Structure formats: C-alpha cells, structure tokens
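Asks: Required output: the full structure, derived from the provided sequences and hints.
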Amino acid sequence: MNTLLAITGLGVLCLLLEIANVRKAIIPLTIVGLLGTLGITVADYGKVESHYSNMIVTNDFSVSFSALFVVLGIFLIALSGDFYRDAQTKISDFVSIKLFMLAGAVAMVSFGNLSMFFLGIEVLSISLYILAASQRLNIRSNEAGMKYFLLGSFASGIILFGICLIYGAMGTFDIVEISELTGSAELPDWFFIGIVLLSIGMLFKIAAVPFHFWAPDVYEGSPTLTTALMSTLAKVVAMATFYKLLTGMNANIYYEYEIVIMVISIASMTVGNVMALRQASIKRMLAFSGVSHAGFMLMTLLNIKTSAGTLLYYASAYALAGIAAFAIVLYVTRNKSNEDTYNFNGLGKTRPVLAAVLTAALLSMAGIPVFAGFFAKFALFTSNIQAGYLIVVIAAVINSIISVGYYFKVILAMYTQEPTEDKKPVPFLFYAVGVVAILLNIAIGLYPSAVINLIK
Amino acid sequence: MDVSIVLILLLAGTLVTLFSGKSAGKVALAFGILSLVASIVLLSDYNAGKSINVLATWMENPQIYFALNGDGLSLAMLLLTTSLLPIIIYSTFGSEVKNPSSFYSLILFMGFAMAGTFLAADGFLYYIFWELALIPIYFIALNWGNGDAKERQKAVVKFFIYTFAGSLFMLAGFAYLYTKAGNFLVGNLSNLRLSDQEQFWIFLGFFAAYAIKIPLIPFHTWQAAVYQKAPTAGTMLLSGIMLKMGLYSVLRWQLPIAPYAAKAFMATFLIFGIAGTIYGSIVALRQKDLKKLLAYSSLAHVGLIAAGAYTLTVDGVRGAVLQMISHGFVIVGLFFAAEVIYRRYQTRDISQMGGIRVQAPKFTSMFLILVLASVALPTTFNFVGEFTVLYALSTIDIWFAIIGGLTIILGAYYMLKMFQNVMLGETNAKPFADLTFQEGLTMAVIIGVLFFFGMYPKPINDLITPSIQQILNYTLKS
Amino acid sequence: MGNILNEIGIENYIFLSVILFSIGVFGVLYRRNAIIVFMSIEIMLNAVNLLFVAFSTYHQDAQGQVFVFFSMAVAAAEVAVGLAIVVSIFRNLGSIDLDNLKNLKG
Amino acid sequence: MDIAYILLLLLAPFAGFLFNVFFGKKLGHNGAGYLATFAVFVSFLVTHFYFVQINQTAQPVTVKLFDWIQLGKFSIDFGIVLDQLSLLWLMFVTGIGSLIHLYSVSYMHDDENRHKFFAYLNLFIFFMVTLVTGSNLLVMFIGWEGVGLCSYLLIGFWYKNQDYNDAAKKAFIMNRIGDLGFLIGIFLLGHLFGTLDYAALKSAIMSGAEVDHTMLALAALALFIGACGKSAQIPLYTWLPDAMAGPTPVSALIHAATMVTAGIFMITRLNFLFGISSADMQTVNMVIAIVGAFTALVAATIGLVQNDIKKVLAYSTVSQLGLMFLALGLGAYEVAVFHVITHAFFKACLFLGSGSVIHAMHGEQDMRNMGGLKKWMSVTYITFLISSLAISGIPPFSGFFSKDEILMTAFHENKALWVIASLASIMTAFYMFRLLYLTFFKEFRGTDEQKHHLHESPALITFPLIVLAILATVGGLISLPGNSWLSHYLEPIIAYGGHSEHHLDATAYMLMGLAVVGGLIGIGIAYAKYLKKGEVPPADAQMTGFHKLLYHKYYVDEVYDALFVKPINAISTFLRDTFESALSGLVFGLGKATNAIGDSGKMLHNGSIGRYLFAFTLGVVAIITYLFFNKIV
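Residue numbers (the working numbering), protein chains in the order written: chain A, 1 to 456; chain B, 1001 to 1478; chain C, 2001 to 2106; chain D, 3001 to 3633.
There's no promise every hint is true.
Simulated restraints on C-beta separations [stated by the list, open to error]:
no.	chain 1	residue 1	chain 2	residue 2	range
1	B	Lys-1288	D	Leu-3018	30 to 40 Å
2	D	His-3455	B	Lys-1288	27 to 37 Å
3	D	Asp-3599	A	Gly-388	29 to 39 Å
4	A	Lys-305	B	Val-1041	44 to 54 Å
5	C	Asn-2006	A	Leu-15	47 to 57 Å
6	A	Leu-137	D	Gly-3589	25 to 35 Å
7	A	Tyr-52	C	Leu-2016	28 to 38 Å
8	D	Asp-3599	B	Val-1037	52 to 62 Å
9	B	Lys-1022	A	Pro-28	37 to 47 Å
10	A	Glu-418	D	Lys-3026	52 to 62 Å
Where chain B lies over chain A, by a calculated footprint (3+ residues, C-beta under 8 Å) [unchecked claim]:
no.	region
11	269-279
12	409-420
13	448-456
It is worth saying that the hints were derived from the structure and are not from the lab.
Bear in mind that the values here come from a model prediction, so they are computed numbers and not experimental data.
Idealized CB from N, CA, C, for every residue including glycine.
Replies: And the structure:
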C-alpha cells in the first residue's frame, strides 16, 4: 500500500519539479525516492494487510514482486538521463509516466479486487502506449505505438469481458470471495469462460504464442529504453499478475486448462527461440527471446501451488539480465539508426567491461551456471518434474539448446569481429546499471535461496 | 586442509593472472605449481587417513550442499588436472601469446572448473563446474585459435552448443533425481531406489551429456574440428583433461545412480565404445592435418576407455582410470610435438613435413617415445591401462577383447605412418631447429611420468582401487 | 427492474453482449481505417459494459455498475492516447490506413 | 646376491643403451661400438656364470623385482626366472650378440649415426633378455614388444629411404597382429587360472584341475598366432624378407639368430600347455605342425629364385623357422630348441658372411652382379661354405643333426609332413649352393670399379665369422643322436617327458641316409646348373611363368595389399571425406533446418496488424473450442 502511494507521490513530484524548473534534479531525486520506496516496500515484508475494503492486499507475494519492480524501475530511470538527452524539456513527462506505470505495476500485483486489477493493467498499458509512440517524428515509433495500442485495447476488451463474466458468475469482484465461492458452489459455465478470457488477455500481455505477434514489432519500433522497459518490467509484471490471478481466484482447477497452458508454453518457447535465430536486429532478437522466456515462465503455472518463489526467481533473473543487456544495447546503439548485431562488432576489444557485462547477461539468459538464469531454469525443471510434466521439461531443454545459437551470435560479434568504429565515451550510469544489474544477477545466482524462498 | 584449497588457489590464480599484465604466464605457472603442490599435500593427508572432504550447506531450499569429495578417484583426477595444468602453461612459453593476461587467466579458470568437476560430491555443484568449464575453452578456442576465423567460429560454436545440449539433458536428469531424493549428494542419489524405467531415462539423459563430451561415436563430430582450430594449449586442455570429465562422470554419477540401466544395456555401450575405437583408428589413418589425426586417435582411445568403464568390472574401471590418466599425459605430449613442429614450419599439414629427423634428433627421439606410448608399448603407462581394459573386456566376452584389441594394430598403423611421414625421409628443405631447453623439458617431464608409472603403476592403483570398489558396490548391489 | 430482467432472462443479455462484442471484433478484424477500428473496439468495450449492468442488476449488486464507470474512464483515456498516436501517424504518413503500417516485420 | 647379478645381467645392456644415446657421439670413432660390445659381454659373463651353476645344481633362480600390474583376480609382478631354458637362450643371445656387436664395430664404422645403432642393439639385447628371463607371460610380453620396437628402429635405421621405413613399419604392424593374438592368449589364461606366472600356470595345469579344455586350446591357438607374428610363419611371414632393409648385422642378430626364435621360445616355455593331451589341443598342435611345414616349403620355393643375397637368406630363415614349428607341433620341443641353436650359429654366420660380401661390394646385394669372390675373400668364403654345408644338412656339420631329428620326428608322426619337410630341405641345399656358386665362383660380373675395390674384410669382421663357423661345425655335439646332452639338460622344462628319443635303429639310419642324399641332390642340381653350365639368373623383365610367380613371392604382398591395406585405406578415405562430413552435416543440418524454419517464420510475422489480430482471434477461438470439446466450458 505504502509503495503504491509513494510511487504515485513521486510521479506527481516529478511533474511539480518541472513546474519548479529544477529539471536536473528530477532523475537523482526520483532515484533517491525510489530507493526510499524500496526501503518502505521491504519494510512491509512479512506483513499481511488489506486496505480500502480489500482493494489492495499486501502480502509476501506482492511485496517481493513490488520490490523487484522498484529495483527495475530504479535501473530504468537511471538509464533515462542519457537516453532523453535530446528531449530534456520533456524529461519530467517521461519519468513521471514511468513512475505511474510503476504504480500500475504495483497495483497489479497487490490487487484484492478485480477492479483494482483492471485499473492497474490499464494504467500500465496506457503508459506503455505513450512510451512506445513517444518519438513523435519517427514513423517506426508511431507504428509501434499504434500496433501496441490496437492489439492492447483489443486484449483489454477481452480481459474486460472476462472480468464481466466472472462477476456475472460470482456477483463480486473481490478475489477472496471469489476463491471461496469456487470451492463451494455449483459454478455457471461463465465463470470458466471468464477465467479463460482473462487468461488470454494476460497471455497477450506476456506475449505468449499465438498472442505474441505484436511483441517483435513493438520492441523494434519503440525507443530502446521503452523496449527495455517492456521486455523486462512489463513482461514480469504481467506474468506475476497472471500467476496471482490464477492462484488468487483458485481457478486453475482443470487438467485440460493445464494442457492449454502447457501447449502455449511449449509453443512460446519454440516459436520465440526459432524466430530469434534469424533476427538481424538485437531488439527484435530480444523480443523473440522474451517470447520464449514467457514460455518458460508459463511453466510455473503447471505447478501453481508451490512455484511462486520459482516465478519470482525466474523473473528476477530474467529481468536483471535484460536490464544489463539493454544498458549495453543502449550504449552501442546510441546515435544509430538501427540496432543490428553488427553494431556490436569488436566491442570486446574497445569496451571489454561492457562486452563482459553483455556476455554475462546473455549467458544468464541462456542458462549457464553461475548466472541466475541457470538456477532459474533448473528450479523450473524441478518443479515441473514434480508436477509430472516431463514433456515440457524436455521441450524446455531442447529450446535452451536452440537459444544458445542466437545469444552466441552476439557474443561472437563482440569478440571475433574487428571494431568498425572508435570508442565512444560511456555515460557513467550505463556502466553502473550494467555492472550492478549483472552483479545482482550473479549474486542471486550464487545464493538463489535468498530470492526463491521469499515467497513461501 | 581440505580439497577446497586447490579450488581457492586456482580461482585466486585466475584473478591475479588477469591483472598481472605481461608476466601473466609466469604468475599462472606459479599458481599452477602451487595447486599441484597443494594436491600432493592433500594426497598425503588422504593417505594418512585424514579427511579432506568438504561439506557445507550452500542453500537450504532447495537443499544444495557445497560438498567436495576427495576420495581416491577424485584425487587421481585432481592430480591429473593439477599436474597437466603447469605443463600446459609451461608449454606455451615458447610461442608468442597475444593478450597473455586473459589467456592464462582463462586457462587457470578452466583448471578451476575442471578440478571442481572432479571433486564435487553434490550433483548441483558438479553440474555448475561442468558447465563452467565450457566457457573458458570457448573463448580460448575463439580468440586464440588458428585458421580461418569463420570456420573456427563455426566449429567452436558447434562445439559449445553440442556439448551444452548434452549437458542440459543431464540437468533434466538431475532435476528429476532431486525431486526424488530431496538433495543432490552423490551418496544419496546412489541410494535411491529408482524403478527400471526411471533408471533408463536417467541413464540416457546422462549419456547424452557424456557421450558428447567424451566423445563417443557418432557424437564426436565437434571434436576434430575444434582440436584443429583451437590453440594448442586449448587442445591440450580439451584432450588432456576435459575428455576425462566425461569419463570420470560416467564412473562417479552415471553408473551408481542408474545401475540397472548400466547392467541391462552394458553390451550396447560396450559396442559403442569399441566401435569408436575402431572407427577413430580408421579415420585417423588418412588424415592430412596432424592435429586432426591426433584428435581421431583420441577418439579411438577414449572409446576403449569408455568400454572399460562400462564393463562394470573392477579391472575394466581401473583400467579405464589408468588409461584416462596416461592418455592425458601422452596426448598432451603429442599435441605439444605438433606445436613444436608448427612453431618451426607454420603448418600442420603432414604432407609439408618429413625429413625432420636428420635435423632434430632429440625431438625425434622424444616424439617417437610419445608415439610408442600412445600405441601402448609395454613399459609405458598406456600399456598398463590398455592391457587392463582389454583384459576386462575379455572377461565379458573374448570377442570384445579381440575387436577392441584391433586398436593395437590399427593404432600402430596410423601412428607409425604419421611418424614416418612427419619425421622420416629425405632431409627437409626447410631448416628445423632442434628442441629448445623449454621444449625439451616439457617433453621430458611427460615422458618421465609415462615411463615411471608404466613400470610402477602401483601408487595410482592403490589410490583409486578403493573408490572404484565402492562405486561398483553401489552399482552392482541392486 | 428486476421484473424486466426476469422476463427477458439473463441469458439473452449475455447473448446480446456476445453478439455486440463479436460485431466489435469483426469490425476490428475487417476494417483498415484506424478510426473505425477504434470505434469497433469501443463497441466491444460497451458490449461488456452492457453486460456489467445486466449482471449488476441480476445480482442486485452495485459494484458492477461502479465498474462500468471505471471502464468508461479507462476507455476514454485509452482512446485519447490512441487518437494522439493516430494524429502523429497522419502527420508522418498522410494516411491512417493500417495497411500502410508494415515497416516493422520479419 | 642373485638380485645384484640379475640386475647386472638385465641392466648392463640397458646402461649401454642409455650411455650411447646420451654420450655415444662423444666416445670417439669406435667408442660407442666397443662400449656396447662390452655391455653385452658383461651379460654374457653373468649368463655363463649361471649356466655353469645350473649345470651343477639344476636349481632355477627366481627373483621378484617389484609389483607391476594389479588385476581384480590376481597381480602381475616383474619377476625374473633363470632356469635351463632361459639360460640356454641367454647363452646364445648374449654370446652371438657379443660377436655381432663386435662385427658391427667394423661394419658400421662409416655410418654417422653409429652410436645410435649400438644404442638400439643394446636396447634390443636388453629386451631380448627381458623376454627370455621374465617369470610370467606379461614380462615376456614386455620383451616381446620391445624387441619388435628395436627391430622397427633397426630395420628403418637408414631412415632417409622411405622404402626402408615402410619395411620397418610393416614389420612392426605384422608383429602387432601377432601380439594381439599373444594378448588374447594371455587374457584367456589369466581368466582361466588367475595367474600368468609360468610356475603357477604349470602347476595349475599339471594338477589336472577342471578347466575348460576348449578355452585352453583357444588360448594356445591365440598364443601360436603371436608366435607366428614374431617368428614369421604363414600367414604373417612377409615382413621378414622386407626386414632385410636393415643393416646386415641386424639381420644376423635379430632376424636370424635371436628375435625370430622368440616364438619357439614361447611355445617351448609353455610346453606344459601345448603338450596337454586333449582333442582340441591336438588340433592346435596339428595346426602348428602344418603351418610350420608349409611355411618351410613355401619359403624354400621362394628362396629358389631370389637374386638378392640377403633375401635368399631371409627366406631360408623363414623356411628353417617353419621346420622348428613343425617340430613344436609334433611335440618335439627339445628338437626344436636344438635346431634353434644350430640355426643361430650357421645362420648368423651366413648373414655375417653376406654382410662381409656386401661390405666388399660397397652395398651391392644382387648376386647377378657378383661371382668369383672366393679369390679375394677366402675367409669369408670358407666360413660361408661351412655354414652352407651345415644348413644343407651334410654331416658332420651341426645342421645335419638338428634337421635330421626334425625329419625323423616328422617321419614317425606324420609321413605327409615328412615329405614336405624333406622337400624343403632339398630345396634349401639347392638354393644355398646356388647362392654360394653365384657369389664365390666363376668370373666376377660386377663393374670394374667394384672389382678394383674388392678385398677381404678386416679382422673384426672375420673373427666372428670364424667363431661362428666353428660353432656351426661342432654345434651338433650338444645333441648327438642317441646320446643327447640337450635333452637331458632340458628335462626339467619339458612337462610331459618330451617325445621318446628315437632309437638308432635301421629306420633311423635309413632316414639319415635319405636326408644326406637329399641334401646332396640339392647341391648337385645347383652344381650342374650354376657351376657346370654357368647359368646366371635372368634379369627381372625376362622371367616367365612359374619362375616369375616364385620370384614375386607368389604375389602374397600384393594380395595382402589388395585384401587389407587398400580396403582399410579406402574406407578411411571414404569415412574422412564422405561419412565424417555427412555426420557433421547432420548436426549442422539440425541447426540449418532450425534456421530455415526461422526464415520462413519471418514470413508469418509480416507486419500486418490485420494478420496479428486475426491470429489473436484464432488463438482465442482455438482455446475456447478445445476447452468446449473437453466439456470444461
């Protein structure tokens, strides 16, 4: 609850600072503010509270994920300073939109009522539409915004329909009541249709096959920082919310439903990885890689009772690696018209540290030990074997193999090609974000239990 | 003192070397020798009956231990690693290495990962080390390798993806085992009562990892290309130590955990191994590239070692371990010989060699000794291993020994043919300086080891036998 | 009110909403003019709103009607953003035909 | 005390080897050679000491040096046994070895790598001593492979010539084929008895414990294959004639007197195994006898027409070895041993004599270019003549006694084999005298340049010739018919009491007479053909028919080449060029296929919002439909 208030307050503060004409202070202040928020959030850990007639519920799940979101938010805001250097006058808009989006994200994992969930997801989505299309003069950005917007609203309609049907079946939006009712009463069919529609909406948000088509286009067209945001924060938020919806409403009851999730999971992994192999643009490649990671994260739903910690861990590992990777991508594609892999040629020679960070990030995504991505995959495998879904595990294994192919393409470019241009100065924050994110990644890779056991 | 000291030394060496600039080679060598000394101290502790194992909880949930086990088998493999490591580092001193700090640092890191693989007693930890070993060699081969860059990339990436692919199936196997046992300690995993079918799948999953790593045919296609493209130090690391990771793992993990499968499909895997022996020997016969030829000879040897391991007899396993160690030394020596030639002729093409013996008698003698050791001439270490393995095969079925034994004929054929084409004949037009002191010392050390243990393998035998007995007890009891 | 609902039956409301929703979906699928697509999406949302109200009555519960306000507000915000994007596309391309938006692909 | 002596026996040649390898070059012109000779002579002295001792005490000396290899069921130690058999062998190995070392000092004195040559010779003696004295089969195997290695090194001693290197390689590989057989035999015996120690094996077999006799016979057969490789028997004999590429002293020492008799040594050593009277073992013995007899005949026929002086001697060696195997197969171990010894004397003498000739002819080995040499080389000629008479079986030279015993045994056991062996003997007499006449008689056929340089060899060369010729003359004394010192001496070794000695009855005398007549017939034909008619063998191109077939050794090398070498190389090329790349392509193909799918997938993501929405809707419909049909919704 406090987190939500603090973030919203920060967002408003940003706008006020612009009015007060202290633009330079916006980013540092926001970062400090978010660090404070992180403190507040962590302080809530262990408590179970509900606010506003159960609209907002704070528990380990919401606190852990909120903390993760805030951390990601800090990184993303830290990267903003340099990224928007040509649009200094609008910096407050960009920062505050990000903060509102963060608020939406926190709302999504803390909801106790479906209306809160709906508001959260819409706040998040609308902010993303704006950010995606934020380069007004760039047709690619426009196109990305348009595609995201159209498909997103379409998905919103379906989510809304789903909520409506659930309401129709249950007569309430409160998920505690709903979950009690699901256990007891004879349920009308609407309820399940509602759950399915809601699920489809969430599958769209996490970009799972076959609802993933927007992802590569939007990732490619959006400003790179927005892509970073979508591929890390937005995806993780959507996945956490999806998880929370299904567990909160006690809805994941039928075997057939799990089959659907399983098929989508395998399809996402496969399509994502296979498509990523042949992408020239690293943003597009990461988009498809994101699709495959969505497939991996969906595996947690197959063992839904016990895999919250696994999901948190996977999300953290994936998002931290993503942030680290994007920090480097941002540096490399600065002042570039595209994000093709050849831009990375020779980075290992000109900027060994950055190259090392990107390598580590990609290795983490590929699931190589000591990086967190490895343990994340391992935890997923274990939990799915426990649930008896060996076939998914095998599919995941095969997909991990494919994924190495494209991750290593970038690594190869960095280390075996000759650099095409001279060194450019590296903004300090890019360095800092990249290194810190990857160190965090390695840290939780070495001590997975620190994260995985946060949610019992 | 416990076994973690070696890992700490190697890891510290990695970091120190990384920041030691021009003198990286010497620093790395110092750390290599230090770790060798540490291993020897550990060995004496072990022989004195002191416990050198490490068992600490790494994390509670999931239950993962930082468990290192220094039993005879692990110690033998550790000693192989730590004694080859300084040799390999020292062997590079004669050639120019660009960016030495990264190079030597990666070598030490690889040593660290491989030593960890040999010591780990927790499956999870083991897997981490197993995978970690892949990364340094990937970069070593990529950045310091030779030949056309595109071809090299292709070979190295294929190698990485291929081995990684195999390992992931093993990881899935471990995940499955974990859900059964609740932790990864090798002892507990071996005590699981898995059903026959479970064992079969676990065995297969592990086999995917090991068959590619060892490699057994037909999973060997990465090998020759990578050996050829990698810098010689990398090839030495790969062939001398890394191959043995797969073989060691068969003994340590695969057999005790899936004994039923091991027994039920023994013949199949023996045939795999023996077929590899014959196949490797035949393909080696007509290779044009010296390093590729040695790669196929490696394929032939490991096939026989694998066959020995899969016999599930004390003799077979013991022979396999002896052969692993001896092969480690001899193949490093042979690759070094190839490097010595490369330093002078800038080629690995056998057709451009010949007529070296006249100019370099010392080198010829040492090379010949290595060739003979590789074809398992009695009094060399390799004979002890090969004899023991073949004997074990003969106790299973005499035909295995006969067909596997063809390796002593074919091996002599391709090695002597190679030796003849490379060294003998009319004096080569290009001058060939005889060995430098550094090169001579490198080869002499290897040769010394081969002869000493060829005549007196008892210390190693005594070291490894109890562990092997224990492993086989696990394997054969059910 | 309750009587009317009883007479018509909640199922028919659902059918109506589904039909409306489907009309919206088909509109989105078949039309290429961005504005018309927006309108179709609005039809979808409003179909749901209608159903919300119906269910609200069915359950004799005000929450559903409150939710409609939320959804209308959200829809308005959404359309505002959407229209802004359309405007900037029109400036760049001189058209708002969705079929022209194929720069990003592959 | 014994240990010190035995170490001296074993390590003296080894020390000589090491010293010559490292410092040989610094020892002055002939230093390396004398040092090597001395090293072998030391071994000979120690051997002699023990030989004298065992003649008095009849007690073998056994010493265990250290543990070597441990196996599950048993362990193998590095042990030495000096008994009647090993000492007998050591006597002529080190004795003849010393002589040949001495001979080599002069013979090799122009070669720049002399010190290496002597190092290898010393190493050979070391391995030969190991082979002979090892107390178990595996130590014998060390020596067995070690002498093979030295043979390889010495055949290819002039390594600049790739043909010589090919010959060396061929020798090593063919030996290895046999070695595999040896190893298999070792495995089977080890598996059956849990030991490889001769004494233990002997007592285990003699105790009559229940063992699988078929397996035993198989083990014996496998060991015999090993012997075939080392002792150049059909089908593994083709390396020996090629091995003549090495310097002549090597041919004398390794490829005539010592190494090639290792097979006979091994079978004699294991006579307690080969002598078992089971049906299977009898088959094995029959195989040995037949192989031996046929080798004797085939090699002799090839020897009839060879023109290279050393090749003739090489085939004669193969042929004589065949006779020894015939004796072994018939169970007459001591007869075989007897022939080994006499053969060592006269064959070493013949080879050294031919070396002397080659030396005088400056490397010329073709007899068609020789002739009339007795004028210049009287010592060589006389010793050569004595040895030729010995090998032709003319009394009272040593060969008569040993060969006669073999023929007699064959006559008693199997008449067909006797006929074959006799034929081989007649041919032997013929080609030896053909060699003698072509080389030493008539006019000189070489170039004037060669003629100008012809001379008798120096004393270092003629001295060993004389000693060996004397031995070849009187060597028969050790086993006179009816009163054999050798049989008596070897009694403790022969497990089954040996074959009964033939009484000197009428049959025996008749057979002796027949053998002598046969020998004389051979000599007579040679006399008529080459001395009387003065024929000179035709040039290679003019040979026809059977002569050509023989001259080309029945084309056996070519057949082997076509049957084994070429196919293996062809397979290798095929695997290298086609199969490997296909296999590799298969793995790459997986990647390529995935990439191709990725490429076609790009078509699916064509950027059209309409398509994306359509896919979306399709997904919704599919999920709902699936759940509907499964009655969830």
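Asks: Compare the structure with each hint and give your call.
Replies: Hint-by-hint comparison with the structure:
1. B:Lys-1288 with D:Leu-3018: 30 to 40 Å: 37 Å, holds
2. D:His-3455 with B:Lys-1288: 27 to 37 Å: 49 Å, violated
3. D:Asp-3599 with A:Gly-388: 29 to 39 Å: 36 Å, holds
4. A:Lys-305 with B:Val-1041: 44 to 54 Å: Given about 50 Å between the Cβ atoms, the range holds.
5. C:Asn-2006 with A:Leu-15: 47 to 57 Å: 51 Å, holds
6. A:Leu-137 with D:Gly-3589: 25 to 35 Å: 46 Å, violated
7. A:Tyr-52 with C:Leu-2016: 28 to 38 Å: 33 Å, holds
8. D:Asp-3599 with B:Val-1037: 52 to 62 Å: 56 Å, holds
9. B:Lys-1022 with A:Pro-28: 37 to 47 Å: 42 Å, holds
10. A:Glu-418 with D:Lys-3026: 52 to 62 Å: 54 Å, holds
11. 269-279: Our answer is that it is violated, as 0 residues pass the Cβ test (under 8 Å) against chain B, missing three.
12. 409-420: holds (count 3)
13. 448-456: holds (count 4)
In summary, the numbered hints that this structure violates are 2, 6, 11.
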